[in-house]
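There are 2 protein chains.
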Amino acid sequence: MATGDLLKIYADRLSQPSRAVIIFSQVNGIQFEEQKIKLFSPDVQKPDFIAANPLKKVPAISHGNFTLFESHAILTYLACWFLVPDHWYPSDLRKRAKIQSVLDWHHSNLRYGSTRYLMNTVLAPFLGKKPNLEAAAEYELKLGEAFSTIETLWLKDDSKFLLGNVQPSVADLSLVCETMQLHMLPEEDTKRILGPHKKIQQWVENVREATNPHFDEVHKHLFDTIAIFYKKA
Amino acid sequence: MATGDLLKIYADRLSQPSRAVIIFSQVNGIQFEEQKIKLFSPDVQKPDFIAANPLKKVPAISHGNFTLFESHAILTYLACWFLVPDHWYPSDLRKRAKIQSVLDWHHSNLRYGSTRYLMNTVLAPFLGKKPNLEAAAEYELKLGEAFSTIETLWLKDDSKFLLGNVQPSVADLSLVCETMQLHMLPEEDTKRILGPHKKIQQWVENVREATNPHFDEVHKHLFDTIAIFYKKA
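As they're listed, the protein sequences go chains A and B. Sequential numbering from 0 applies to the first sequence in numbering that gives the first Met the number 0. Sequential numbering from 0 applies to the second sequence in numbering that gives the first Met the number 0.
FYI, nobody ran anything at the bench for these hints, they're computed from the structure. Computed from a predicted structure; not experimentally measured. Mixed in with the good hints there might be a few duds.
For lysine-lysine, the following DSSO-like pairs were computed, each having C-alpha atoms within a straight-line distance of at most 27 Å [stated by the list, open to error]:
#1 Lys45(A) / Lys197(B)
#2 Lys141(A) / Lys159(B)
#3 Lys141(B) / Lys94(A)
#4 Lys128(A) / Lys141(B)
#5 Lys94(A) / Lys56(B)
#6 Lys56(B) / Lys141(B)
#7 Lys155(B) / Lys141(A)
#8 Lys159(B) / Lys155(A)
#9 Lys55(B) / Lys7(A)
#10 Lys197(B) / Lys94(A)
#11 Lys56(B) / Lys128(A)
#12 Lys37(B) / Lys55(A)
#13 Lys155(B) / Lys94(A)
#14 Lys197(A) / Lys55(B)
#15 Lys129(A) / Lys94(B)
#16 Lys159(B) / Lys55(A)
#17 Lys45(A) / Lys141(B)
#18 Lys55(A) / Lys94(B)
#19 Lys128(B) / Lys141(A)
#20 Lys198(B) / Lys141(A)
#21 Lys7(B) / Lys56(A)
#22 Lys45(B) / Lys141(A)
#23 Lys45(B) / Lys94(A)
#24 Lys7(B) / Lys55(A)
#25 Lys141(A) / Lys198(A)
Covered by chain A, per the in silico footprint, the following chain B stretches (three or more residues, Cβ under 8 Å) [to be verified]:
#26 16-28
#27 202-213
For each residue, glycine too, the CB sits at the ideal point set by N, CA and C.
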């Protein structure tokens, strides 16, 4: 294992998967250099960032001469390379497969609903579009279904973390960082969407507690940005 | 390793990820019982299927008393459990991470564009909807971008398989089975979409050759169904 390789994490802390990778690395004492890439800025044209991810999306990493993008691939790579505590990404094949299943499901469900709801509401002006409330309503339904699935399948019997686990996995971190993104919405919308999901709220709190002080510190930029945005708006 | 566990694969061969899992198992000599689940039929209410996947989607597996859904999670679980040849899902961490990155990318790009293009065109009537050509045009763009990304990033220098590999991985199989789904479209649409992508066409052929006779046999039901559909239409 070439432990001497320098790890650079290209990230924008306003991006939910970027936060997941940074928190994961901090909690596990993985040494890295954070390369701040402000999305929608000239930062995305930096040659070393493009070398790490030609698709110009965050997060991406370079680790010595190795590069990688897609947050789930990064999380599982780091978990294995740095031999972090087993609960993050168990070496037991069946436990690992269950976590991989949640990670795969996430793309087309929670993440799909969440990002598209945001793109059709509060993020629309930044994408040069008008908010589309009809589309937003459809994605809100998808989001509600996703939260119900998480509560019913993976947080049943009031388990502290997904899949009945007593300690968090990379799936907890990825999905909770996604859920936190909904705080970008006006408070009444966040409450309407998250309000009915008490188990989700408790789970977010559990992941926050298990990964603090890093969780709060890494989310600070998001909440600062939100505060400025709604003061202006 | 409990090699004696019976593996059941719940699948509909009209579903692209179902085909990937079946072909993978056949090519690697993995013994399984195929449990045919016809989508949009009462099959999805069968208790043993719901036990394997409470979300009632294919593919899903049961393996002894272990159950799993999401095709990528299944493919990587089977690759590790049955110790298939290394090229399918390399044990080398960095090679594996690169494949995982393609698999993750797939969800929000090729699969996203492909399924939504189909849902807004030829599959619309089966979903109780009218075709939406405006939406379809948007997803066709997404699909074209996805194919261009694959050609530029992962099939560069005319490599035979993704990531410059000389033998296929689970990513090749998953993404090619998705690409095959476009044959559900009227021929002129398939040609318009795939026509400009010569490397994609060659890559599909390479994966087909590397996995035949299973590839053709497992795709037969798709092509038979398509033939009946267009004869009727």
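Decide if the proposed pair is consistent with the structure: Lys141(B) and Lys94(A), CA atoms, cutoff 27 Å inclusive. violated, 34 Å
Pairwise hint evaluation, Lys55(A) against Lys37(B), where the allowed Cα distance is 27 Å at most: violated, 40 Å
| Is Lys45(B) close enough to Lys94(A), meaning Cα to Cα at most 27 Å? | holds, 25 Å
- Message: Lys197(B) and Lys94(A) were given as a pair; does the straight-line alpha-carbon distance stay at or below 27 Å?
- Response: violated, 41 Å
Note to self: Would the hint linking Lys159(B) and Lys55(A) be met if the CA-CA limit is 27 Å?
What the structure shows: holds, 26 Å
Quiz item: Regarding the pair Lys56(B) and Lys141(B), is the alpha-carbon distance no greater than 27 Å?
Solution: With Cα atoms ~24 Å apart, Lys56(B) and Lys141(B) stay inside 27 Å; holds.
Under the criterion that the straight-line Cα-Cα distance not exceed 27 Å, is the pair Lys45(B), Lys141(A) satisfied? The given pair, whose Cα atoms are some 25 Å apart, holds under the 27 Å limit.
Hey, Lys155(B) versus Lys141(A), does the alpha-carbon distance stay inside 27 Å? violated, 37 Å
*asked:* Would the hint linking Lys55(B) and Lys7(A) be met if the CA-CA limit is 27 Å?
replied: Violated - the C-alpha atoms of Lys7(A) and Lys55(B) are around 41 Å apart, more than 27 Å.
key: Given hint Lys141(B) paired with Lys128(A) - CA-CA distance at most 27 Å   = Holds, at about 18 Å.
Worksheet item: Does the structure keep Lys155(B) and Lys94(A) at a Cα separation of 27 Å or less?
Response: violated, 36 Å
(Q) At least three residues with a C-beta closer than 8 Å to a C-beta of chain A: is that true for the region 16-28 of chain B? (A) violated (count 0)
In terms of the numbered hints stated before, the structure departs from hints 1, 2, 3, 7, 8, 9, 10, 11, 12, 13, 15, 20, 21, 24, 26, 27, listed from lowest to highest.
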